[in-house]
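Engineer: Chain residues, written in single-letter form:
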Amino acid sequence: MKLIPCPINGLRPVGEFVYGGEVRPMPDPNAVDDDTWASYVFNRTGAPGVKQEWWCHSPSNTWFIVERNTLTDEIMQSYLYDEMRTI
Amino acid sequence: MNTPLRLSPIHDLLQSLPGNWQAINGMPVLTVSPPTTSPLILTDRSCLTRFGVKGANAADWLASQGLTIPDRPNSWCPLPNPSAGIIARLGLSEFLIEDSLSSRLAPQLAMACQTPPAKVYPVLRQDLAIALSGPATHELLQQTCNLNFRALILADRPILLTSLIGVVVTLLPGEHNGHPFYRLWCDGTFGNYLWQTLVAIATEFGGTITNVEL
Amino acid sequence: MSEAGLHQPFAKSTLPQEPLTDRPSRRGDRLPPMPHEWIDRDRIIDFTFEGTHFWGYAGDTISSALWASGQRILGRSFKYHRPRGILSFANHDINALMQAGEKLNLRADTTPLEPGMTLAAVNTIEGVHNDRASLLNAFSPFLPVGFYYKAFHHKRLFPFWERLIRRISGLGQLVPTTPRIRTAKRYDFCDVLVIGAGVSGLSAALAAAAAGADVALVDENAQAGGSGSYQLGGELALAETTHQLVQQVMHHPRIRLFTQTVAAGYYTDHWVPLVDRDHLTKMRAKAVIIASGAYEQPAVFRNNDLPGVLLASAAQRLIYRYAVKPMHRAVVLVANTDGYRAAMDLLTQGISIQAVVELRSDPIANPWIAQLRSHHVPIYSGYCIYEAKTNPAKDGVCSAVICPIDARGIPQTGFSQAIACDGILMSVGWAPTANLLYQAGAKLRFEPSLQQFVPDTLPPGIFACGRVNGVYEFAEKIHDGQNVGVTAFEYLNNPLPSNSCPLSRLPSFTPPPLHPAPFIPHPKGKNFVDFDEDLQYKDFIHAAQEGFDNIELLKRYTTVGMGPSQGKHSNMNALQILAQITGKSPGEVGTTTARPFFHPVLLSHLAGRSFTPKRQTPLHSRHGALGAKFMLAGQWQRPEYYARSHSSRIDCIQREAIAVRQRVGMIDVGTLGKLEIRGPQAAEFLERVYTGRYANLKGGMSRYALMLDETGVVIDDGVIARLGLDHFYFTTTTSGAAQIHRELTRWNTIWQLDCGIVNLTGARSAINLAGPHARHVLAQLTDCDLSSAAFPYLAVREAIVAQIPVLLLRVGFVGEWGYEIHVAAESTPALWDALMVAGAAHDITPFGVEAQRLLRLEKGHLIVGQDTDGLTTPREAGLAWAVKSDKPFFIGQRSLEILAKQPIQQKLVGFRLDPAFQATPPQECHLVIEQDEIVGRVTSVAYSPTLKQFIGLAYVAPEMATPNHRFNIRLSNGEIVTAIVTSTPFYDPDNQRQKETIAHPSQVAA
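Protein chains in written order, with this note's numbering: chain A, 130 to 216; chain B, 70 to 283; chain C, 213 to 1218.
FYI, nobody ran anything at the bench for these hints, they're computed from the structure. Don't take every hint at face value.
Derived lysine to any residue pairs resembling SDA-like cross-links, with alpha carbons at most 25 Å apart [stated by the list, open to error]:
(1) C:655 x A:177
(2) C:498 x A:136
(3) A:131 x C:651
(4) C:498 x A:144
(5) C:498 x B:215
(6) A:131 x C:650
(7) C:601 x C:626
(8) C:498 x A:130
(9) A:180 x C:707
(10) A:131 x C:491
(11) C:494 x B:275
(12) A:131 x B:234
(13) C:498 x A:205
(14) C:826 x B:83
(15) C:494 x B:268
(16) C:1099 x A:167
Here the structure is a predicted model, which means the values were calculated and not measured.
Bound-form chain A, shown alone (with noise of 0.2 Å):
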């Protein structure tokens, strides 16, 4: 089984977290137009990569964020959303 680092707990199992989806930031509802807000809500970048991705530890219910190459599988960090920066 995969282990993922979580920030507080340390390194688990990936069995002891669910995982969020990429990290998309939502844009402001009221200033864009509908194509853009439909591709916000339904599209993803499949392209392969290192991708921020939300990841919660279920024991703790503890929400971070995991900086993982998609195309490789290789965890480069972890870290609290407020800690977050950009790549």
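Given chain A's structure and the hints, the job is docking chains B and C onto it.
Structural biologist: Here is chains B and C on its own, set in the frame of chain A:
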């Protein structure tokens, strides 16, 4: 007949066991003397009083109530003497306070928190609280939980929030008489399943069920 | 500790035992005691094979005991049912596959002998000696490669072929009464996991442990030592050195040795399942050293599958582990130094060597050539074995026909000669046991100087040593292991960046251990490449001719490597043959994908204890005592209904529903999601995540709450109660609770509103007390003013009921005056008991999930997930009233704006069937058909005992949604039922039941 106002989540499962019943903190408790050589002992400690609180100001509020706060996330420390209870820091900013048999700090904290200050959120605790103890404890854990318990440094007083046989649990590893002594808390609605499964495994080891407070 | 996993002692046989000296040993095939032999000559084990009694020693495998007794035919091959004996003797082939009662497909070569075993070969008709299916051997010209893809296409004849093929093929007989066994799995941890306890693995383990690592060392054999204990060339000192290494390992405090344990695969982050006879351990390591050795490869010549034709290492194992003489007069086929060592091992045990046949015309000198010559062993260089001749008894070899080969490898049959023998050894080369390396993501390259694939790049934390790393000489293997052990320890303290390279390989002074082309064609064929699948050399030529000429296609068309051995003895040869045919290098041909498991794993080990969590409310045993029939709602066990003797399920459900309508009922709703939110921005948070308005909700009141996702689809509903200015308590559906709590936590992680959420789903339980008498029952237990003025519909009050602090909510889900009573879990049984006592005079009736569903249906209340699906928006479900679009923001708002520009496709309506309807009613998901088009479906349907007709909810096209419109529902068998659109609620449309006038029991009609 009046049903007691506090019942352990596994009260009905314990009905078939021999022993004496007495009321502790308003909850019927089965007391049995365990054989000293049992490889694994399971104990129901749900009768102890406990209190939960979380939030950005929870640590400060608890300190204002006279408690020493565990300084690191996922660690614990004892309650002020003469109590032998514990205060556990669950993750970053949630706390579990559990009294020993002789202390009643948790109900006092619950009273004080009825109108909580800002960013202090009381958490009602209705756990199944048990203890796993005896020489075969690590073997039981190896069959039920994917964490390396033998590598823990007890002096660090770690708290573990993890999953055991598919149930979210809080674990407080410890030692007693040279053998492992682990305190475990889980959501009471998983209590019957957790207890029955651990009993089945413990029985394979030749283990015992007791309700004696250690 | 380090002896964990070694053989358990066997019970002594209970049969009367003849003294050892009197036991016939049948052709005297047992050798005098070998140092460190694996057998215990003091313990005899009796067993039967194919109905005949045999005996062996404790420590024997089934095959070694049979071979020692002179039994040569151990099984029959898969397709042609040819007699087979020992080939690899290492679990790299399944020539000897046997069944013992319920235990099928035992690998006799490596399965320990047990007292009383009753064995038979699988896949025979009337036994291994007279297998009638061997007739197929004669039909082999009609069974070319890939014939099963072509021969059985005839539609009418296929059932006949299928029955025939099922009868004559297949391995082992399933015994349906075999008990289902589960063995407990366990987790384990170490710093360095070393896979393979040959001399390189032993050395690596010792080096890593000496440096300070906690080491686990596993080996699939019964004892550690690997080839260091049997590839000796007659030099017992090597075995002694190996033995010393094993002793050091067994006594080292930081090494745990697990023998008879297979590392069955490699999984992410160094997770390796270790499988032994009794269970499966999931080992997590911080670094893995793969010292798994190499597979010996057979030479391909006619009749190379006769009993008595062995791989050289098989013969060496027989000799040194089990003291069994593999044969009496041997011909040894060699193409490397190992073959000469094997010949010496035979010679030193008194086996006569009739000839050494050397494939290379110019073999490089080695010390054993001189020794063999001094024993007058003829050595034929530049020769091959053209064919092995069957003996008259058809159970072995009687001679080897040898002839020279020219520079292109073509046999010069004009110069052939037959050499009498009763056994042939093949030592033409090795392929690395690289399966776990591949699974770990290692990249290998073909090294021409070794004629072997060797590790090229290794992922971080993965290391290789010994023969799998291309290192073959004894001393070099030790050195290689020591280096790797130290490097692995250093890696623990300083993890390297990715793409680390393996250690530079020490050059081997011997020529390549693998001969590039040990394939000798023969016009009559029967020169086998894959012994599991009965594949001959020409099968590969034909497959390539038919166009299946890359390695993946070749594998699937010929099925090479797809048998139980998964290519251990055949993949390398197949690859070399394809290289030869296509003129490519083996590196260009490539390998197919190695996947777990390395050896088969018992289902009992994989099943484990199977932990399936079940969730129960505090009232669970009370439900059981009342006769509840439980159902699973997600993880929860809930009473579906309460069974009564002499009543059907439907009758029980309807009786419960009527009790609620007429008197009072009680249902355990403890499974509801329960969340509490506090803080100055609690109301704002709720307004963002739900569609409704809550800032203006009065304290002490509750309101319906609808939740959407970002696409505007309905995902949950519940009730929000305001307990204070900054304090709300709200419920979710049972199945949504965990996910909603998680998602709300994520939203506030982003928004950082000043509020906090607590999940009380398990900490609180809840009981719904409902019916015209509900108020009267509750009034007996509380001082709370329950009058309509003081406690209106949808109000919430904190109160003491039966001395227990509770939260009372006046809700209307089932359409009667009722209270949802929320209470701390530990007090729920006391509350239930008190309510039962207080309600006894009113014949209070516990009701279950099915009755509740019927009652809510009579009120037209929808259930999210049943009456809505993954695309349902509020407009379609008649919930637009719950959406307050003029709020600044809520989840789903923007999407609803976009959707509002289009008409809806379907609408949820109530329907009824004609009251006189007597036939089969529709069920949920039956389709609504209009002019041959699907326009909707039924989502809920039930017979209402109160209204005395079938009612339901269904989606229909919007233009059909007018009351009294008739529409068609199609049943599963095609019948059409006509339904009538009806406005909801069906029952009590004006909500009279919530009004004071009927709340007093004396005013309720019986």
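Engineer: Determine for every hint whether it applies to the structure shown.
Structural biologist: Tested hints:
Restraint check: the Cα-Cα separation between residue 655 of chain C and residue 177 of chain A comes to about 21 Å, which is no more than 25 Å; the hinted pair holds. With a CA separation close to 20 Å, the supplied pair residue 498 of chain C and residue 136 of chain A stays within the 25 Å bound. Distance restraint check for residue 131 of chain A and residue 651 of chain C: the Cα-Cα separation of roughly 14 Å lies within the 25 Å cut-off, and the hinted pair is therefore satisfied. Under the criterion of a C-alpha separation no larger than 25 Å, the hint pairing residue 498 of chain C with residue 144 of chain A is consistent with the structure, at around 19 Å.
The suggested pairing of residue 498 of chain C with residue 215 of chain B holds, with an alpha-carbon distance near 15 Å, which does not exceed 25 Å. With a C-alpha separation of about 17 Å, the suggested pair residue 131 of chain A and residue 650 of chain C falls inside the 25 Å cut-off, and the hint holds. The hinted pair formed by residue 601 of chain C and residue 626 of chain C meets the criterion: a straight-line CA distance of about 17 Å does not exceed 25 Å. For the hint pairing residue 498 of chain C with residue 130 of chain A, the CA-to-CA distance comes to about 13 Å; that is within 25 Å, so the pair holds.
For the hint pairing residue 180 of chain A with residue 707 of chain C, the CA-to-CA distance comes to about 23 Å; that is within 25 Å, so the pair holds. Restraint check for residue 131 of chain A and residue 491 of chain C: the C-alpha separation of about 22 Å stays at or below 25 Å, so the hint holds. This hinted pair checks out: residue 494 of chain C and residue 275 of chain B have alpha carbons roughly 24 Å apart, not beyond 25 Å. A hinted pair counts as satisfied when its Cα atoms are at most 25 Å apart, and residue 131 of chain A with residue 234 of chain B qualifies at roughly 18 Å.
Taken as a hint, the residue 498 of chain C and residue 205 of chain A pair is honoured in the structure, with Cα atoms around 18 Å apart against an allowance of 25 Å. Annotation: proposed proximity of residue 826 of chain C to residue 83 of chain B holds, straight-line Cα distance about 18 Å (limit 25 Å). This hinted pair checks out: residue 494 of chain C and residue 268 of chain B have alpha carbons roughly 23 Å apart, not beyond 25 Å. This hinted pair checks out: residue 1099 of chain C and residue 167 of chain A have alpha carbons roughly 20 Å apart, not beyond 25 Å.
In this structure, none of the earlier numbered hints is contradicted; all agree with it.
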